[in-house]
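Peer 1: Model the full assembly from the supplied sequences, consistent with the hints where possible.
Going letter by letter, the sequence shown gives residues 1 to 281 in UniProt numbering.
No lab work stands behind these hints, which were simulated from the structure alone.
Where hints are given, some of them may not hold.
30 Å max Cα-Cα, derived DSS-like pairs, lysine-lysine [to be verified]: (1) K46 with K197; (2) K249 with K197; (3) K216 with K245; (4) K197 with K248; (5) K249 with K216; (6) K216 with K248; (7) K197 with K245; (8) K216 with K197; (9) K216 with K46.
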Amino acid sequence: MAQSSTYVLDVTAQIIGSQPPEIIAEEHNCCIVLYRKHQARRIVKKFRLRRVNHTEARASLESAALGWRTVENHPNVNRLIGLAYWRDDPLPSIVTWYMGPTLMEYLRMTPTNEVHKFAMLFGVADALAFMHGHNPPILHTNVKAANIVVDNAGNALLTDISIHEAIIQSNADSSVRWRAPERALNTAPLTHHTYTKECDCWSMGMTIYEVMFQRKPYAEIQDDVQVPIWMNQGHLPSLPQGLSKNFKKLLFGCWVVAPQERFRMGSIANYLRLLGDTARS
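Peer 2: Below, the structure written as structure tokens:
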């Protein structure tokens, strides 16, 4: 058992003896596997990192898990079960309950009106505001719909808290479309970057765009590598006609280039509540 399991629960034994695992997603740096045991379903995210200092990456993952544990009592944060340590894998896996599909998968399968969308987004923003209110703040570091799951009651739960910064290896980042410009346009090594609450706020704006319009930011640009170039020219995602003044104010408040002038997460949550109330009336 790893030394850090004194602080982060080692749940390897809970996975052993499960039914044959089912791979439900493969990403460039991880494999997401569903394990079933005694009617319980658990999601295990196994990381596949090359050319990386595994000792540092392991410590970063364990630190991220500790931060996640401190905020999982919020109703819109997915519960972390613990970490699984595999004999032949230098990095621990993240283990959570299977709550349901990701938010975009849910929207593709389930007709969802604006009221429900705003309600789900409000829950996510409220969770992030709760995280940012800790001392020191707990930062998500990769806010987007792929890191939000929807439970059986239709509630949105934020997952993979702080994990992205722990395992990202290069500037070739698949999340660049959601990244704040101070991150996406920074050519320094990622180890020299500073992630802030304001970065989460920019990404939340992109997630609002993604969910409400059901298209990824900068969808007209196919190559992720071109997105920072587009951003550097001052371009933002294209908006449909007819948006309300408050909706545009929310999005543009999230997308202020100067981080210190960007909307804070509490303000974002308040706007989402207001927009939901307006859509309901």
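Peer 1: Sort out whether K197 lies within 30 Å of K216, counting only the CA atoms.
Peer 2: Answer holds: K216 to K197 is near 22 Å, not above 30 Å.
Peer 1: Taking only the CA atoms, is the gap from K249 to K197 under or equal to 30 Å?
Peer 2: holds (19 Å)
Peer 1: Are the Cα positions of K216 and K245 separated by 30 Å at most?
Peer 2: At roughly 22 Å apart (the allowed maximum being 30 Å), K245 and K216 satisfy the hint.
Peer 1: Verify the proposed pairing of K197 with K245, using a straight-line Cα cut of 30 Å.
Peer 2: holds (25 Å)
Peer 1: Are the Cα positions of K46 and K197 separated by 30 Å at most?
Peer 2: holds (27 Å)
Peer 1: Is the Cα-Cα distance between K216 and K46 30 Å or less?
Peer 2: holds (25 Å)
Peer 1: Check the hint pairing K216 with K248 against an upper bound of 30 Å on the C-alpha distance.
Peer 2: With Cα atoms ~17 Å apart, K216 and K248 stay inside 30 Å; holds.
Peer 1: For the pair we were handed, K197 and K248, check the Cα-Cα distance against 30 Å.
Peer 2: holds (21 Å)
Peer 1: If you draw a straight line from the CA of K249 to the CA of K216, is it 30 Å or shorter?
Peer 2: holds (20 Å)
Consistency note: the structure conflicts with none of the earlier hints.
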